[in-house]
Amino acid sequence: RKEVEQDPGPFNVPEGATVAFNCTYSNSASQSFFWYRQDCRKEPKLLMSVYSSGNEDGRFTAQLNRASQYISLLIRDSKLSDSATYLCVVKMGTNAGKSTFGDGTTLTVKP
Amino acid sequence: DAGVTQSPTHLIKTRGQHVTLRCSPISGHKSVSWYQQVLGQGPQFIFQYYEKEERGRGNFPDRFSARQFPNYSSELNVNALLLGDSALYLCASSLESGTGWYEQYFGPGTRLTVT
Numbered sequence: 182r183k184e185v186e187q188d189p190g191p192f193n194v195p196e197g198a199t200v201a202f203n204c205t206y207s208n209s210a211s212q213s214f215f216w217y218r219q220d221c222r223k224e225p226k227l228l229m230s231v232y233s234s235g236n237e238d239g240r241f242t243a244q245l246n247r248a249s250q251y252i253s254l255l256i257r258d259s260k261l262s263d264s265a266t267y268l269c270v271v272k273m274g275t276n277a278g279k280s281t282f283g284d285g286t287t288l289t290v291k292p
Numbered sequence: 165d166a167g168v169t170q171s172p173t174h175l176i177k178t179r180g181q182h183v184t185l186r187c188s189p190i191s192g193h194k195s196v197s198w199y200q201q202v203l204g205q206g207p208q209f210i211f212q213y214y215e216k217e218e219r220g221r222g223n224f225p226d227r228f229s230a231r232q233f234p235n236y237s238s239e240l241n242v243n244a245l246l247l248g249d250s251a252l253y254l255c256a257s258s259l260e261s262g263t264g265w266y267e268q269y270f271g272p273g274t275r276l277t278v279t
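Protein chains in written order, with our numbering: chain D, 182 to 292; chain P, 165 to 279.
One should not assume that every hint holds.
Claimed, not checked - Cβ-to-Cβ under 7 Å is the rule here; a few derived chain D residues that face chain P: (1) E224; (2) K260; (3) L268; (4) G283.
Said to hold, decoys possible - List of simulated lysine-lysine pairs, DSS-like, C-alpha gap at most 25 Å: (5) K226/D / K260/D; (6) K223/D / K194/P; (7) K183/D / K226/D; (8) K291/D / K260/D; (9) K183/D / K223/D; (10) K291/D / K183/D; (11) K194/P / K216/P; (12) K223/D / K177/P; (13) K226/D / K194/P.
Because the hints were derived from the structure by calculation, they are not lab data. Just so we're clear, the structure is a prediction, and the values are computed from it rather than from any experiment. C-beta: ideal position from N, C-alpha, C; glycine also.
With the hints as extra help, turn the sequences into a complete structure.
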């Protein structure tokens, strides 16, 4: 079983739709969590950190559920420019320098 | 300010050869991490360095090694290249190391092809 698991999708949604991605992690000692976005053949770019209280940045909302060991990302009012792969990232309590990435969820927003 | 830079951008090598990839972090960042990304998968952690010391190591063979220099730049070395080493190699820099909320910023990567 992978340490960080994501539904690979693809998610195909129309512009204006609301879409949600989930990510589960296996190590209960995990301490910090992030969402990154990666465009085709480009480097990952930080989208947002995921704090225990949850956080919101414009159309994007991230939530953390430590009891169930999952992280979610909600995108409201989808834009064509949101089309990308979304990567969930977890940093463990041990091996402090290691960040573990999921394999990503692909989103395509269509006109 | 300049972001994370990596060189070269593309590289073609043959099996058995050696390769050195280079990374310069964002100014002021002391931590550099290396990742390997194959098509269809997320980046896989190889190493993290902080203040020239190794702080983390992923599940990669000893053919992979790295180091960090006093100016915080870093090199990733891969010996005895295999076809399976073909991937995008990403470097990421962050202010600090550890399990805190230290955000990583990625360079554009080096695309290595082994033939």
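Hint-by-hint comparison with the structure:
no.	hint	verdict
1	E224	4 Å, holds
2	K260	23 Å, violated
3	L268	5 Å, holds
4	G283	5 Å, holds
5	K226/D / K260/D	18 Å, holds
6	K223/D / K194/P	24 Å, holds
7	K183/D / K226/D	22 Å, holds
8	K291/D / K260/D	8 Å, holds
9	K183/D / K223/D	24 Å, holds
10	K291/D / K183/D	31 Å, violated
11	K194/P / K216/P	9 Å, holds
12	K223/D / K177/P	22 Å, holds
13	K226/D / K194/P	19 Å, holds
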